[in-house]
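Those protein sequences? They're chains A and B, same order as listed. In terms of the working numbering, the first sequence opens at residue 1 and continues consecutively. In terms of the working numbering, the second sequence opens at residue 1 and continues consecutively.
All the given hints hold, so there is nothing to weed out.
Distance ranges between label pairs, derived from CB positions:
| no. | chain 1 | residue 1 | chain 2 | residue 2 | range |
| --- | --- | --- | --- | --- | --- |
| 1 | B | Leu154 | A | Phe108 | 23 to 29 Å |
| 2 | B | Ala452 | A | Ala516 | 28 to 34 Å |
| 3 | B | Arg293 | A | Leu373 | 37 to 43 Å |
Since the hints were derived computationally from the structure, they do not count as laboratory data. Note that the structure is a prediction, hence the values are computed from the model and not measured. For every residue, glycine included, the Cβ atom is placed at its ideal position computed from N, Cα and C.
Each chain, written out:
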Amino acid sequence: MTDLTHDAMAVKIGHHTSEDAQRRLRRRYAAERRFKYYGIGAICLGLGMLAILLISIGSRAIPALTQNYLTLQIEIPPEPLVASADHNYMQFVEREILSLFPEAVGDFQAQRQIMSIMPFDAAGVISERVLEDVSVLGGERIDVTLQLTDEAQAYVNGEISRSTPEADRRLTDDQMSAIDRLRDDDVIVVQDGRPVLDIAVNLPFYEVVNQSNFQSLANDALYRLFPEVEGRARRDLRAIISPGAGFELRQMILADPGLIGSSVSLEVPLSDEFDQLAKNFVDRDLPEDQRRVNDAQIAYFDGLEEAGLVTSRFNTQFFTAADSRQPELAGIWGALVGSFYTLVVTLLLSFPIGVSAAIYLEEFAPKNRLTDLIEVNINNLAAVPSIVFGLLGLAVFIQFFGLPRSAPLVGGMVLALMTLPTIIIASRAALKAVPPSIREAALGMGASRLQTVTHHVLPLAMPGILTGTIIGMAQALGETAPLLMVGMVAFITSTPEGLTSPATVLPVQIYIWSDAPERGFVAKTSLAIMTLLVFLICMNALAVWLRKRFERRW
Amino acid sequence: MQTWVLIVALLILGLAGYYLGRSRAVASADGRAASLHSVPSYYGMYVAIWAAVPGLILVLVWLSIAPIVRDNMVLSAIPPETVTAWAQEMLPADLFAAEAEAIAASGTDGLTGPQVELLMVNIVNVAAGSSFVSPTVAGILVGPAEHMNSLGELSSWGLLVIGLGLACAGLYTARRRLAPHFRARNRVESIINVFLIICSTIAILTTLGIVLSLLFESARFFGIVPIWEFLFGTQWSPQIAIRADQVGSSGAFGAIPLFVGTLLIAAIAMLVAVPVGLMSAIYLSDYAPPRVRASVKPVLEILAGIPTVVYGFFAILTVAPFIRDLGAAVGLNVSANSALAAGVVMGIMIVPFISSLSDDVINAVPQSLRDGSAALGATKSETIRQVILPAALPGIVGACLLAVSRAIGETMIVVMAAGLAANLTVNPFAAVTTVTVQIATLLVGDQEFDSAKTLSAFALGLMLFVVTLCLNVIALRVVKKYREKYD
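Working from the sequences, and respecting the hints, build out all of it.
Printed below as a string of structure tokens:
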């Protein structure tokens, strides 16, 4: 018994139990652990990069959520408004006079001839009338009496005539006949021995107000806060408020004309540099020439802030406005609408075509050279660089078919071609997953092959098809390069109105802003990226939910 | 406007056709639907198709052809005097003097191609009443613009009338043909079958479109710049001098610097992506507990769903400054848009691509191989290194080839993070440019289609397409073959 144990102990020191073997084993286990840690390290690197990406962009997006506003008490006297639209009153007169010359429509030469019987500043009298009573804007026509040029007066008075040599009269025959017609119509009359033009003009409120300079009103309000600042130094002062102030004021007055002559308290957006200053992103210790705001401006701004006039609010502008050169006015709404139109086109084209193609290839196509070719082709198309689709769109849709540039229609068509392979591949997989027993049962009941597919196979495959489609759409939503090729990279300040109006899309907007030198655009770009990611996550979550909810294991 | 009216009318007629056809079929069988050859709704569908589809096809064809016909008619109808007046206004004086006689003699035929295009754009703008045209030009072109507008009006009314006529005729004849023995289902199904076939050939048409448009434009480019100079030249500066004395605008089209730059960035990307992607795939498939796998895998795949423009912004916002500062700390001069920054970010983008493809091939290796190796006493890592990886190698190589093709074709990251200057260097800290960057910068904005500068973008596109196509074909074949081996 003891011998036996002794023998067993002796065996222990064999080939697999020696010191060497133990060391080898430890080395092998260490290698094993190292290998595992490499794996964990790789995963951590990937996840870490994702985290850094989201955090670095997300943290920079936060400042863009708010925008600082300056509360200004703005006087809206009628004089500057009416006067700043002064040079435009002539156009209302012109409209009346030309309505008497229907044959001159579209003939700019003739129009200029007719209008030149009056001096350029003839319409100045209108602004006086408007100042007397602002309510004439948009009201009844008003009668005005306008001067004629000396030559025209001389012709009416009979001092010159058609027989006068051309060199002496400075009035063409056409102008003379125009004057004759105006006299016949009693538009040119003689008052107090002087021929004048007596005409009733219509002054549309919208057009007059639209052409007035509102920014100067906002500037004036700012100047009143710093009465000691004068002359050129005011330039520094008015840089504080955004050019959007005048726009906002105009919208207000157009909505409520009664405000003219009153004084309103309005929050106007700060310009980008001062918005940055308010958010403490400007290093005040830097030498003055390395900052975008100088010491005087900082002093003004601190004064305003102490007076409690600067307020920070949620930046609704960002989600409701289209693009702008000024970061404080720029928004993503235009790009969102553009993305929407583009995706609608993409979906309408790629979904029916993709599903039909998948049905044909999976259910009907005979196995032959052609279908093999189509299959290889689809797989390859899925891996073609997206910019090549852009080249295709440029050469075929824009060059060959002459479709408009920058239009969501063309962008959507290009993206549809790009997502088509994704949808076809996903749909085929979904159709393939439907068990043959379903088809055989339907065929056994006497259904035709098409009926089998449309009544039984397709509804069962639909969740899978929709999942693939949503993923394809998410891909299309984030795509940029092919859209650059078809001109959707233009600077567009209005929200697109239709499929052919110039538009841009959210990723392209991000690209445009990422290039802009203004500091405010860094935050705007980051926030736009976050918005895009939210949309993408929603779409992918929807796809996952669809798959989870309706997926069936056979 | 009329087009939309027509489309809505066609849809309504189609709907009406459905009910008319259905009721007529039932009536023709004296109300006994069972004695019909097909289910009644097929008779309805048959009539609906004949009512709506020819009209819709007409709309498509008409809309793509009518503008071309209209433009030609307008151009050929412009009197030479108008062209002369326009040319005097719009063309530079010396050019006008040179062409005046030809214009006076033959009108628009005396203008060059781009000039005709400019004239056309002017006319279109005047016709649309837009303010992009100076009043003088507008005055000159009032006649042609009105002609264009009246032709447009005529065309859209013509389309409306012909379309409605076609729809009514289709509805009437199709409905007349209905009878109890009429094989409506077979007819409808064969029409749908044709539609399905057309849809599945669109993929081929797309490829054909890509190949033809790239080939056509590239051929024009190689007519200006010899193909050897393009493929083997080492100087790339596509700006062509407008004036003779302009500096640095020689118009050199040697694409070697672009190819080298592209390969450099792709190589950096692969150096990042292959180890990280492969190791994560191995860990997830052979080490990770199921719970970890289920949560980490989708999170890692988020990386694949992030748009490339976001990666580009990440590169210029975070990675490039970081690398530059790092370089400065060790005394290296790193360019602001170094190849390294673009390559690293591109590598991150490709990680999930490699990891999910490798995951597939690693999982496809049969369990019996793992079990056999374990039975011989191998540790897990030894099994992976010596059994699974060799077995999965072709698939992994295929995945890497696909990833290379992605890296070469990737545009936004390099457009934003890499440079524009075509330096012929393999220094990862220098700025290089790539094929896709050049395509994007050459074609963004307005461009004329017969300059070598614009056409060179298509030649680059052709190169890109050919290279990625070869990579894809090889990779897809390898991956597919390998999958089948173990199935």
